[in-house]
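Peer 1: Sequence:
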Amino acid sequence: SEDRDVRLAAIRGLGNCRQPEAVVALAEVLKAEAGNRDAAVVGRTHKGLVQLTGKRLPPDPQQWNEVVQAGVVIAPQPTWFED
Numbered sequence: 001s002e003d004r005d006v007r008l009a010a011i012r013g014l015g016n017c018r019q020p021e022a023v024v025a026l027a028e029v030l031k032a033e034a035g036n037r038d039a040a041v042v043g044r045t046h047k048g049l050v051q052l053t054g055k056r057l058p059p060d061p062q063q064w065n066e067v068v069q070a071g072v073v074i075a076p077q078p079t080w081f082e083d
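At position 53 of the sequence shown the residue is numbered 53 (the numbering used here), and the sequence of numbers has no breaks.
Keep in mind that the hints were calculated from the coordinates and are not lab data. We treat Cβ as the ideally placed atom computed from N, Cα and C, and that holds for glycine. Please note that the accuracy of each hint is not assured.
[What the hints assert, rightly or not] Quick list of the computed label-pair ranges, beta carbon to beta carbon:
(1) Gln77 with Asp3: 27 to 33 Å
(2) Arg4 with Gln62: 23 to 29 Å
(3) Ala75 with Asp3: 26 to 32 Å
(4) Ala70 with Gly43: 21 to 27 Å
(5) Gly71 with Glu2: 28 to 34 Å
(6) Arg4 with Thr79: 28 to 34 Å
(7) Arg12 with Ala70: 22 to 28 Å
(8) Gln77 with Gly35: 31 to 37 Å
(9) Ala70 with Arg4: 27 to 33 Å
(10) Asn65 with Ala40: 20 to 26 Å
(11) Lys31 with Phe81: 29 to 35 Å
(12) Phe81 with Lys47: 14 to 20 Å
Work out the full structure, taking the sequences as your base and the hints as a guide.
Peer 2: Below you can see the structure in the form of structure tokens.
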């Protein structure tokens, strides 16, 4: 969608979807935003990737693509204390 609010809501939803496909989709969003660099979209996408994988990588599309290529493993959901 071209509507930024809709895009942010979709990204937030993907970040809550604990499936490997969500990580692949978020990595694609990060790659697509490389030229745009909308800070909110990149930040929300990065947060979702970190939450789903447990990996503390920077919001670099190439590094996240390597994670996808290596095979996505969904990290256990953090407890309220860890979050």
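Peer 1: None of the hints should be skipped; say for each whether it holds.
Peer 2: Taking the hints in turn, this is what the structure says about them:
Between Gln77 and Asp3 the beta carbons are some 29 Å apart, a value that agrees with the proposed interval 27 to 33 Å. Distance hint check for Arg4 and Gln62: the Cβ-Cβ separation is about 25 Å, which falls inside the suggested range of 23 to 29 Å. Here the CB-CB span from Ala75 to Asp3 is close to 30 Å, well matched to the stated 26 to 32 Å. Under the hint 21 to 27 Å, the C-beta atoms of Ala70 and Gly43, about 24 Å apart, fit the expected range.
The supplied range of 28 to 34 Å is met by Gly71 and Glu2, whose beta-carbon atoms lie about 33 Å from each other. Checking the proposed 28 to 34 Å range against Arg4 and Thr79 shows it holds: the Cβ atoms sit about 32 Å from each other. With their beta carbons about 25 Å apart, Arg12 and Ala70 fall inside the hinted range of 22 to 28 Å. Roughly 33 Å separates the CB atoms of Gln77 and Gly35, a value that falls within the hinted 31 to 37 Å.
As the Cβ distance of Ala70 to Arg4 is approximately 31 Å, the hint placing it in 27 to 33 Å holds. In this structure the supplied range 20 to 26 Å holds for Asn65 paired with Ala40, their Cβ-Cβ distance being about 22 Å. With their beta carbons about 33 Å apart, Lys31 and Phe81 fall inside the hinted range of 29 to 35 Å. The supplied range of 14 to 20 Å is met by Phe81 and Lys47, whose beta-carbon atoms lie about 18 Å from each other.
When each numbered hint is compared with the structure, no violation occurs for any of them.
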